[in-house]
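Asker: Spelled out, the chains give:
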Amino acid sequence: MQHNEPDRNNNAGQEARRDFLKQSTLLTALSLTPSVVVQAAEKHLDEKAAAYFEQVTLKLTINGKPYTLSVEPRVTLLDLLRERLNLTGTKKGCDYGQCGACTVHIDGRRTLSCLTFAVMHEGQAVTTIEGLAEAGPQGKLHPVQEAFIRHDGFQCGYCTPGQIMSAIGCLREDRANSPDEIREYMSGNICRCGAYNNIVDAIAEVKKGGQKV
Amino acid sequence: MSRVDGRLKVTGGATYAADNQLTGLVYGVLVTSTIAKGRIKAIDTQAARKAPGVLEIITYQNAPKVPGYEAKPTGQTRVDGQEFRVFYNDEILFNNQPVALVLADTFERANHAASLVTVQYAQAPHQTALRPNLTKGTKPKRADDYLRGQANAYTTAPVRVEQEYTTPINVHNPMEPHAATAVWQDANNVTVYNKTQAVRIAQQDIMKAFNLKEENVRVHSPFVGGAFGSSSRVWPQEMAAILGAKKVGRPVKVVLRRDQVFNMVGYRPESIQKVGIGASPDGKLVGITHEAYGLTSSYEQFAERIVDPSKSLYSCPNLNTTYKLVPLDLSTPCWTRGPGESSGSFALESAMDELAYALGMDPIALRLANFAENDPENQHPWTSNQLRACYERGATQFNWARRTPAPGSMRDGDWLVGLGMSAGIYKAGRSPATARATLLADGSLLVQSATADVGPGTYTIMTQIAADVMSMDPAHVRFELGDSALPPAPGQFGSHTTTSVGSAVYDVCLSLRQKVLELASGQAITTRDGYVELLRQKGMPQLSVTKESKSGSEEKTHSGKSFCANFVEVWVHPVTGQVRVVKVVSALDVGKVINAKTARSQVLGSVVWGLGMALMEEGQIDHRFGRYVNKDLADYHLPVFADVPDIDVILIDQPDTILDPIGAKGIGEIGMIGFAAAVANAVYHATGKRIRNLPITPDKLMA
Chain A
1 MQHNEPDRNN NAGQEARRDF LKQSTLLTAL SLTPSVVVQA AEKHLDEKAA
51 AYFEQVTLKL TINGKPYTLS VEPRVTLLDL LRERLNLTGT KKGCDYGQCG
101 ACTVHIDGRR TLSCLTFAVM HEGQAVTTIE GLAEAGPQGK LHPVQEAFIR
151 HDGFQCGYCT PGQIMSAIGC LREDRANSPD EIREYMSGNI CRCGAYNNIV
201 DAIAEVKKGG QKV
Chain B
1001 MSRVDGRLKV TGGATYAADN QLTGLVYGVL VTSTIAKGRI KAIDTQAARK
1051 APGVLEIITY QNAPKVPGYE AKPTGQTRVD GQEFRVFYND EILFNNQPVA
1101 LVLADTFERA NHAASLVTVQ YAQAPHQTAL RPNLTKGTKP KRADDYLRGQ
1151 ANAYTTAPVR VEQEYTTPIN VHNPMEPHAA TAVWQDANNV TVYNKTQAVR
1201 IAQQDIMKAF NLKEENVRVH SPFVGGAFGS SSRVWPQEMA AILGAKKVGR
1251 PVKVVLRRDQ VFNMVGYRPE SIQKVGIGAS PDGKLVGITH EAYGLTSSYE
1301 QFAERIVDPS KSLYSCPNLN TTYKLVPLDL STPCWTRGPG ESSGSFALES
1351 AMDELAYALG MDPIALRLAN FAENDPENQH PWTSNQLRAC YERGATQFNW
1401 ARRTPAPGSM RDGDWLVGLG MSAGIYKAGR SPATARATLL ADGSLLVQSA
1451 TADVGPGTYT IMTQIAADVM SMDPAHVRFE LGDSALPPAP GQFGSHTTTS
1501 VGSAVYDVCL SLRQKVLELA SGQAITTRDG YVELLRQKGM PQLSVTKESK
1551 SGSEEKTHSG KSFCANFVEV WVHPVTGQVR VVKVVSALDV GKVINAKTAR
1601 SQVLGSVVWG LGMALMEEGQ IDHRFGRYVN KDLADYHLPV FADVPDIDVI
1651 LIDQPDTILD PIGAKGIGEI GMIGFAAAVA NAVYHATGKR IRNLPITPDK
1701 LMA
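These protein sequences, in sequence, are chains A and B.
Oh and the first sequence: position 162 is 162 in this note's numbering, straight run, nothing missing.
Oh and the second sequence: position 12 is 1012 in this note's numbering, straight run, nothing missing.
Keep in mind the hints are simulated off the structure, nothing from the lab.
Keep in mind that a hint or two might mislead.
[As the list claims (entries may be wrong)] Result set (DSBU-like, lysine-lysine): computed pairs, CA atoms no more than 35 Å apart in a straight line:
hint	chain 1	residue 1	chain 2	residue 2
1	B	1065	B	1246
2	B	1597	A	208
3	B	1556	B	1072
4	B	1050	B	1213
5	B	1284	B	1065
6	A	212	B	1050
7	A	208	B	1556
8	A	212	B	1597
9	B	1141	B	1208
10	B	1550	B	1208
11	A	140	B	1597
12	A	59	B	1050
13	A	140	A	65
14	B	1427	B	1700
Build the full structure now, drawing on both the sequences and the hints.
Answerer: Laid out in structure tokens, this is it:
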């Protein structure tokens, strides 16, 4: 099944004139773009032209579902997930890759979604916190999710999606062989509530249990 | 018992303030001032207005009027003075002050357009440094000097310590940046989804600002991504979202960037403190003098309880305290975990350690010699006090006996080993709170109160209390909070949610149980089917009771406090000055523990905060510009996984039979009180260097 972004009341851009086509970058645009588009801009049809340039077609798989999207190149993966696809489980904590709250998996590897543009991930598979458990309110949780609940690996819960995605990464990278190693390889994920030791216990338990993550 | 909201939190299903994606949502991005004091000469929004997707730009020149901003300060507000008024006039009162709100149809477009707004300022000289301005310090209206016995009696004692201690600005930095989404249903009805520890306070603040009735303002905050005091009043992001939504007639979301969290939504103010302590050679305290300076904004007096621990922790016949606030060109500070007590106890408990060395006495023995049998501030008996048990069990668990007192006398390889301890005291009390308990037709119980759960586990604890009273399976109890339309509760601060709201839940469930008993003609019902059957027989769709709970005469006759003893082992590298905390034992008297799992987590959190305060946290302002230089999570250092050692939490778990019907005293802050001093005392024991200026960074130890 093909998924597209939720319908959003998006009425802007109709009156706006996109500067880069009218002004200084026109020459660059000339060299790179089909002449029909440039002509359109010169004939003050530049809103449509701007839309052509502003929106890039992007195919992604998110939590196992294929998406075909049209996004601006400047949209971060984090903002795409949260603000356009309503996948708000992934959190913005700092916007500079300093806190880890936005950690997702791209092709299975933990990645800071605030530090990467969505368009850089054409054809790749993104997994977010929403994609870990089996569907439904009683669906089976991922072993790391279960361990976080059991060990109280959170308080306010805001950094938790990032912690869990990072914890799974830590386990997959085989960097969870001792509490010290877990601490080192989880240090990119800040928890201001201070649930660190409980998270270490949760990860160590999953490691010990040998479940597939 | 694990948290009842655990599944929501581990699946991304918990909805925080910025997660409300309403239809037709408009994104608001704040433009903030780049000077600390002066006036706006001109704001040029032309380029921004032409940018794609921009719907409106709000400045003081076109902001919708806020009627409450015209009202004279009543003196009734929780912080004395004139609250900061968003987009009110051309005056700049602090750096990073919101000067414009750019509203656009996507976040990227709003963000880009915000970068196109240019502001010209007429700059005025600013003052943002505390020490050069101490002479401007005045006694805050709401904090009185205190004296018992003779003032400065410590100077007459044979053994004495007199030192200055300082603590820097600490910034709460909850992981969730402050955010609000607002929508006006019509000209008189507004709904706000925000990050708040107190939906009722936010509601009242918004009602006052816009001259609206209670039924016109609805505040939702079911999940809060950490707050630590920083979300206990309405801040610019709420006002901006409300004003923006009014202007464009659509829902508006405003999320602060991390750098905007610095100097806009409160912080722990810097302090400069002098403590003098004198004792007789046997260690009996003769006198304590505690003088503190704090800072506040130019428009409000935010007063802390910085000298409070000194008044009550030890039996001491002579004690005097003073507290002065210096107004500076900064935003108003606000309550920060252990607000005042954390900074004040650093000074007191460092001085006690210095006194122990001056006396040649063990630090625990010194504290036991001055154990207060009653609260020395008012001679009232304690509601309960297990501080002796904290010392004893903490020392045993920590193996304090291995400590050789001489500084620098313990080593492990290259590392200098230090063992330090401290004590903590924090107010325990309750505020009026109301809860509603409703037995539903399916035999389950719904309990509601307008409290918050910023992380301590309130959803879970209230569920447990209700289930316990009703003899129900907690799985059949649901607790709702974070909605201003629910029965009123105090904000979640001051470590009094369990004592206040927990008591209300307890009392209302007792009443409901009694009602059920009456309906069932005296037959106790203990099963869900039994409840279903009773309601069916009586033809009732549900059975609901609402009840307010508050303290009684015990508030006037007794003194309620929580207590703790902190034990810390540090390793200090003699060359690099690196401090590693390798072991912590926290022993606490918090009354009855309702949930051992979440209670322990609260203490872990306090210890991590204490580590941050002791070793790394410092909001650094470049006073030439009156502007933070370390306004992100890489440069504002706070503890990460690798900084945190094994932490043993010992909860004495003796119910307080006087304070409230459930026996709890409060746990959110006590574990942090005195903690930074325990680290400093351990560092002294390791190195012989007494660091009196937090944080204890390697440069101070290398010097």
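Asker: All the hints need checking, so say for each whether the structure fits it.
Answerer: A quick look at each hint next to the structure:
1. B:1065 x B:1246: Holds: residue 1065 of chain B and residue 1246 of chain B sit about 10 Å apart, inside 35 Å.
2. B:1597 x A:208: The hint holds at about 22 Å.
3. B:1556 x B:1072: holds, 34 Å
4. B:1050 x B:1213: Given that 35 Å is the threshold and the Cα spacing comes to 38 Å, the pair is violated.
5. B:1284 x B:1065: violated, 61 Å
6. A:212 x B:1050: violated, 53 Å
7. A:208 x B:1556: violated, 54 Å
8. A:212 x B:1597: OK: residue 212 of chain A and residue 1597 of chain B at ~27 Å, within 35 Å.
9. B:1141 x B:1208: holds, 23 Å
10. B:1550 x B:1208: Satisfied, since the Cα-Cα distance of roughly 26 Å is no more than 35 Å.
11. A:140 x B:1597: holds, 23 Å
12. A:59 x B:1050: holds, 31 Å
13. A:140 x A:65: holds, 19 Å
14. B:1427 x B:1700: Distance of about 33 Å is within 35 Å: holds.
Violated hints, in rising order: 4, 5, 6 and 7; the structure is consistent with all others.
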